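*Asks:* What follows is each chain in one-letter form.
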Amino acid sequence: MANKNLKLFVNPLNIDNPILVQILGICSALAITVQLKAAFVMAVSVTLVTGFANLIISLLRNSIPSRIRIIVQLVVIASLVIIVDQILKAYVYDVSKQLSVFVGLIITNCIIMGRLEAFAMGNKPLPSFIDGIGNGVGYGIILIIVAFIRELFGAGTIWGIKVIPQSFYEMGYQNNGLIILPPMALIIVGVLIWVQRSKMKELIEKK
Amino acid sequence: MNTNSNLYIFIYSSVMVILVAATLSFTAISLQPLQDKNVEIEKKQNILASVGIEADANNAEAEYSKYITASFVVNSKGEKVEGIDAFKLNMAQEVSKAHDTRNLPIYICKKNDNQYFIIPLRGKGLWGPIWGYLALESDLNTIYGAVFDHKGETPGLGAEINQGWFQEPFLGKTIFNKDGNFVSITVHKGGKGSAAAAGDLEHGVDAISGGTITSKGLEAMISDCLTPYENYFKNQKK
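Protein sequences, first through last, are from chains E and Y. Heads up: the first sequence begins at 1 in my numbering, then just goes up one per residue. Heads up: the second sequence begins at 1 in my numbering, then just goes up one per residue.
You may find that some hints are simply not true.
As the list claims (entries may be wrong) - With a straight-line cut-off of 25 Å between C-alpha atoms, the simulated SDA-like cross-links for lysine to any residue are:
hint, chain 1, residue 1, chain 2, residue 2
1, Y, K37, E, K162
2, E, K37, Y, L34
3, E, K37, E, M121
4, E, K97, Y, G52
5, E, K162, Y, L34
6, E, K97, Y, P155
These are calculated hints, taken from the structure and not from any lab test. These numbers come from a predicted model, not from an experiment.
Construct the complete structure from the given sequences, taking the supplied hints into account.
*Replies:* Structure, rendered in structure tokens:
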């Protein structure tokens, strides 16, 4: 049992990663990965929302009338997202301003709805919760990797702290403005998918 | 139990909605004070930014009380209005009133022995509200600093009004012409160099190409928000 739960948590981190394998949640992955701090806050927010949405839906799963189950799922997700948004506004105001509409758009993040329909509706609360957290973390890891690359090369900083020494700039080094733009995020995600597939042969489709 | 009967669905959704509403209201109400505090700090940061003082969220309060020595409200005749807190005034409400009935907030800043007058602005952009702060030098004519911000202007176009390259050209411009008449600031359409092309370097700045409606909204905002202060400015200069 414990082994099974562990798998639920670990699988989304690599072989079943929501971004790299299921290609879900791409839009927010492109939009808020310019800075590590914003990406981190987004990752934590999504993880909490997937985890608790899964838990709540799983607890309710036998009582939810199947005809309105999507509505019930949406209400649960939406209320969790509003709570997260309120907390961000209260405690990390500058980050919440940066994330702006993307916090609200967590509601439409396909990962969350996907996990509710595919997993929480048919499984017990604990595995559902672990599955939700796992998928959130799997999503978050990719966000953080992409944001790390983009912030380092795009702005020369990590978590807002300058890491590329001034002497580099004096020698003619320049921040890469292109990497700040969304298309480069897509290319970075593409490269990550490539790296992962070359390491995990079982993900490669047969011709 | 039949979970697909209409009655069940009806009761289920009603109970769910009431529970959710209660949870959300509780969260909103309990976090309200903290959120208001953040908005207040941001406002103070903006006011300080208009006189060129960079403050972060931690020292904004201290810097604000150090530099902003007074804030008060005047009416369109230029007389002080007692009993209204300039900082708490709702600008959105004020700008919707006619010029002669508005409460006009002014912040006084003292920096390096110079006195600056900071005027809050609020108006309409293309998609939603825009706002800002204009700092005037003690001659109440020359612009010492300007900050603008917006709710949701087009990124890369209208949204650029909160960038330094757009705000810096305002510095040194004057809002009264040589005859002492109020002319406000004109934003010249046509991108870079258009204010110079129009021969209006004293009272004009360049608009953002592609962001004309936001730029024009900003021009209207400055004129609309400064006009009622005219009497106050004239009284001060006497």
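*Asks:* It remains to establish, for every hint, whether it holds in the given structure.
*Replies:* Cross-check of the supplied hints:
no. : hint           : in the structure
1   : Y/K37 x E/K162 : 30 Å, violated
2   : E/K37 x Y/L34  : 21 Å, holds
3   : E/K37 x E/M121 : 33 Å, violated
4   : E/K97 x Y/G52  : 22 Å, holds
5   : E/K162 x Y/L34 : 30 Å, violated
6   : E/K97 x Y/P155 : 14 Å, holds
The structure fails to meet hints 1, 3 and 5 from the earlier list, while all remaining hints are met.
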